[in-house]
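S.K.: Below, each chain spelled out in residue letters.
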Amino acid sequence: MMEVCGSSNVTMREFGCEQSLLSRPDGSASFIQGVRERSQEQCVRETCEASLLLSLHPRSSLTLILQVLHDDGSLLSCSLNAACMALMDAGLPMSCLFCGVTCAIDADGQIITDPTAAQEKESRALMTFAIDSKECRVLMSDTKGSFSVNELQQCIAVSQKASQKIFQFYRDSVSRRYSKNL
Amino acid sequence: MFSSLKDKVGQVLLPGDEFTFDTEDTISLTTPVKPEKVVCGPGLRRSGDRLQVCKSGVLRHKAPNMFWMDSQQRRYVPVKGETVIGIVTVKSGDIFKVDFGGSEQASLSYLAFEGATKRNRPNVQVGDLVFAQFVVANKDMEPELVCVDSGGRANGMGVFGGGGLLFTVSLGLVRRLLSPQSDLMQDLQKLFPCELVVGMNGRLWVRSSSTQRTLIIANLLQSCETMTAPQRKALFARVAEGTL
Chain A
1 MMEVCGSSNV TMREFGCEQS LLSRPDGSAS FIQGVRERSQ EQCVRETCEA
51 SLLLSLHPRS SLTLILQVLH DDGSLLSCSL NAACMALMDA GLPMSCLFCG
101 VTCAIDADGQ IITDPTAAQE KESRALMTFA IDSKECRVLM SDTKGSFSVN
151 ELQQCIAVSQ KASQKIFQFY RDSVSRRYSK NL
Chain B
1 MFSSLKDKVG QVLLPGDEFT FDTEDTISLT TPVKPEKVVC GPGLRRSGDR
51 LQVCKSGVLR HKAPNMFWMD SQQRRYVPVK GETVIGIVTV KSGDIFKVDF
101 GGSEQASLSY LAFEGATKRN RPNVQVGDLV FAQFVVANKD MEPELVCVDS
151 GGRANGMGVF GGGGLLFTVS LGLVRRLLSP QSDLMQDLQK LFPCELVVGM
201 NGRLWVRSSS TQRTLIIANL LQSCETMTAP QRKALFARVA EGTL
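Chains as they are written, first to last, in our numbering: chain A, 1 to 182; chain B, 1 to 244.
For the record, the hints were derived by calculation from the structure and aren't laboratory data.
One thing to keep in mind: the hints can contain errors.
[Claimed, not checked] Output of the computed footprint for chain A on chain B, the stretches with three or more beta carbons under 8 angstroms from beta carbons of chain A: (1) 3-17; (2) 89-101.
[Stated by the list, open to error] Computed list of lysine to aspartate or glutamate pairs in EDC-like fashion (alpha-carbon distance at most 16 angstroms, straight line): (3) A/Lys161 to A/Asp114; (4) B/Lys37 to B/Asp49; (5) A/Lys134 to B/Glu18; (6) A/Lys180 to B/Glu225; (7) A/Lys144 to A/Glu120; (8) B/Lys80 to B/Asp49; (9) B/Lys8 to B/Asp70; (10) B/Lys62 to B/Glu18; (11) A/Lys180 to B/Asp70.
[To be verified] Per label pair, the in silico range of CB-to-CB distance: (12) A/His70 to B/Asp149: 51 to 59 angstroms; (13) A/Asp71 to B/Pro35: 25 to 33 angstroms; (14) A/Lys134 to B/Asn65: 42 to 50 angstroms; (15) B/Asp183 to A/Glu46: 41 to 49 angstroms.
Just so it is clear, CB atoms sit at the ideal spot from N, CA and C, and this is done for glycine as well.
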């Protein structure tokens, strides 16, 4: 579940802006502010900053709220896809779209895309790439585990191919959304 | 490029789609080459010699050469010349600060009302609704509003309110309401007599003869966003009969 609060005014508190505090809109009070959550936030933030046209909104802050309803693996790429669709839906000017693809290399050396939580646990390496829509380049990568350079190249190629399907899904969703007013 | 743009009119495009100048295979030396001019509206950006789409939506065209992206969003970005409904939040000295739903508050000078002078100040309190137009609205400066047009006349702008209901809808619905041949407006006019103020920032204010009618109209307008034309006509017909 995603929500984007478009540009709001920012007064002189730059330090507060850089903290990117994550409050809990559902009212739960458990304080999970671990390093892993923070690094996932940073990944999503960097990818968004790379594709948004930020120069059109100076002195404004953009709040992106990601709420995890159900986690069965590939959480980071799911967050990236949700972030991209939310930004598009909010009407923020973007230079390109992005999508997230997760690859897992299991013990046999097989590359599995979009692994479930069980497959992620048994895998020897787990990689998430953010791919952009214009030239299929890698915007962000987050890897865990051990793998060779060759396997990395293969995973990137597989992710680039898989990203086409995700972009087609974006296109179909947006067409469906605008189909009523056509 | 004009022809490739025209082909895509009416289609849904996503950010990242590009239009480039087509290079002709053969350049004719005899017939004069007319430079083609394309005017880009909101949602299209020029970068170098290419035209990029930067918002998702439907590509629209208006003769002779104007193209823009028709996108749905709820957040308003101020544009010079547009009329909006704002709420006065601060009254300090010579300026009122008005919240119109954008990223910062706009300033409205007390002299920018019809017939206002330094001795004759307008009667504006904190919390009042104003209908004003932007005179300065770009990304680098604080937006400024005025309640007079260039001739010094109010022309419908100024403080209003009292007894009505203010609610928010998406920007697309507001544009549909304000377009010249609007079915939505015509259907609405056949229902009950009411006063309606439409702000381009997605805010609508309605006042009708009774509170119940005001609420009915407000609910109808909010539900019109997601309805096709036949569904809407059916709903309006049911309301007119009085079954709702």
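S.K.: None of the hints should be skipped; say for each whether it holds.
M.R.: Right, here's what the structure says about each hint:
| no. | hint | verdict |
| --- | --- | --- |
| 1 | 3-17 | holds (count 5) |
| 2 | 89-101 | violated (count 0) |
| 3 | A/Lys161 to A/Asp114 | holds (13 angstroms) |
| 4 | B/Lys37 to B/Asp49 | holds (13 angstroms) |
| 5 | A/Lys134 to B/Glu18 | holds (9 angstroms) |
| 6 | A/Lys180 to B/Glu225 | holds (10 angstroms) |
| 7 | A/Lys144 to A/Glu120 | holds (10 angstroms) |
| 8 | B/Lys80 to B/Asp49 | violated (27 angstroms) |
| 9 | B/Lys8 to B/Asp70 | holds (13 angstroms) |
| 10 | B/Lys62 to B/Glu18 | violated (20 angstroms) |
| 11 | A/Lys180 to B/Asp70 | holds (13 angstroms) |
| 12 | A/His70 to B/Asp149: 51 to 59 angstroms | holds (55 angstroms) |
| 13 | A/Asp71 to B/Pro35: 25 to 33 angstroms | violated (56 angstroms) |
| 14 | A/Lys134 to B/Asn65: 42 to 50 angstroms | violated (26 angstroms) |
| 15 | B/Asp183 to A/Glu46: 41 to 49 angstroms | holds (46 angstroms) |
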